[in-house]
Amino acid sequence: MKCPRCVQRIHRAAASCPHCGFTLADADARFGDEDVRIRSLTDTAGILRRGDRQCVEAAMEKITCRFPQLFVAIYTGSLGEISNIRQFGFWLLNRAAFEDVPVGKPNEAGILITIDPESKAAGMVFGYLLDPFLEEADTFECLSRAHAYWLEGRYADGILRAINHLDSILSKRSRQARRDPEHFERRILGPAHLGDLVRRIRAGHRIVAPEQESTEVTR
Amino acid sequence: MKFFPLLAACGLLISNGFALDEPMLPTWHGNERAELQAKGWVPGAILLSADPVPAEPLKVEQPKPEEIAEDLKPSPEILEKFLPAYFAERPKNFLIDPQGLLSPADYRDRLGFLNYHASDSSIDLFVYVIGGEQEIPSAVREEEMIERFFSAGRPAAVVYYYLGAPQRSVVYLSPSITDAVSAAEQRRALESSVMQAFEKTKPSEQFEKFLVQMSIRIYWMERMLAGAPAVESVAPIANSNEQDATKSAKILWLRNLAIRSAIPTAAILGAFMTIFGFLHWLRLRARHRFPEFEVEPRLGGSHAAGIGAVISFASAGLPPASQRDQVPDYLRRA
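Chains as they are written, first to last, in our numbering: chain A, 711 to 929; chain B, 181 to 514.
No lab work stands behind these hints, which were simulated from the structure alone. A quick note: this is a predicted structure, and the numbers were derived from the prediction, not measured. In this text, a Cβ means the ideal position worked out from N, Cα and C, and glycines have one as well. Certain hints may be false.
What the hints assert, rightly or not - Label pairs and their calculated CB-CB ranges:
#1 B:TRP433 with A:CYS775: 24 to 34 Å
#2 A:GLU771 with B:ILE443: 41 to 51 Å
#3 A:ARG763 with B:SER441: 46 to 56 Å
#4 A:ARG763 with B:PRO444: 22 to 32 Å
To be verified - As a list, the in silico SDA-like pairs of lysine to any residue whose alpha-carbon atoms are at most 20 Å apart:
#5 A:LYS772 with B:TRP461
#6 A:LYS772 with B:HIS460
#7 A:LYS830 with A:ALA755
#8 B:LYS389 with B:HIS460
#9 A:LYS830 with B:LYS389
#10 A:LYS830 with B:TRP461
Isolated chain A, as found in the complex (with noise of 0.2 Å):
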């Protein structure tokens, strides 16, 4: 993973970005540290007509049918750089509080996709649930199909390619960790469980109770 401000690459545990020292303590100074009340569709730059809207909300629902754990939110609005797009979409995603997604789908569950038609820039994240799962390169095949359609400000078939391919992506991630979840799983161990596994290894794979460990320590 990257860090949203230096796009530097940080480990899976960090509190604060290595490089920069990015936390969202700054994006809250940038953007708020209140949190946002908005619409799991949210057109503020005003990109998308009556029609579009809808074909964009049904798509956005069908996601929500195929993955019941999932929601996909949409905001559009100018952000001025392109370098804010990330930090930005790293906070909504933080601090926003969808007016039309049931409670029990916390923001963890969320994909949110970021527009900004001034900048000419478009991000995509994801909440915690989907970590293991999805990857950066992921989420830029769905941006790169609504590429071309962006290119010509017909915005809302961008979207709609974007969300479909999205659909396929997690259609086959789901198919896999179904199969295979430790394959997944093992992706988010953080240090600490990389250490138990080093230490199971030297111990030749056998139980160690922890007091006896802490018995040879102390020796």
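Following the hints, complete the assembly by docking chain B onto the known chain A.
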């Protein structure tokens, strides 16, 4: 110089010696020479003339008057005793040879072929075998006879075949099919059959080739009757005709096979489509769930860590492929 008279004398003696071995020349007797000269004979005149030497006349027996009378007939008509067998009624067999011009074996083989043709074709082929030099009596009107005998029943092609002279053959069609088959087509059929017959020299073999080709041509007439357009416009060669007939038979077989297998194929395809559609519908209706793992929060975010891509669509000159490797802005080249 004294040797020359001696050599000449020796040569004369030797030549006289050889001359004594040859037969003696004829000599005149009495007043034979005087008589001939009195009649105007000139000695050696025969050698001066360009006319060939008259041969000695052969003793030929003079023909009798009745024989001369027979030779004056240009071609004999069919004897009257055979006429009823030929023309009195609609023939019972496809091969009519009351004169026994064909050998029994040939007759049997050709009749077998004509019977086979009748079983395979909707147009029967009747063949009247007539001697190569014979003539149909003028009292017999062929067209009228065809109309009388062959108007009813299955359509038929009637051929008068002159054994040993296939070029004299004539073909008639029964009235029910004359409208559908043009006179030109009839003529072409006859011509190609005659051409085939002339590939052989024996009359019986000519007859066999003629019948085979005529049978093939009748197949084309059948197609005309069925409404199919005639494929060829010129008199074809037999080989191409046979190939066409074989091809047509294959096409017919394939068409029948296609008709017979159409329903099962459609049923199988329909079943596959139904199954495929059902599976697709099931897949669309499928609900996917992800296993939930506990993920440690990062960068202070309680719901998300900001993982995801950003893409710029400011210019068509900056395609997605060039944006795949997303690096910090300060690492980008100016």
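TODO: Would you pick out the hints that fail for this structure and give their numbers low to high?
DONE: Of the numbered hints given earlier, those the structure breaks are 1, 4, 8, 9 and 10, listed in rising order.
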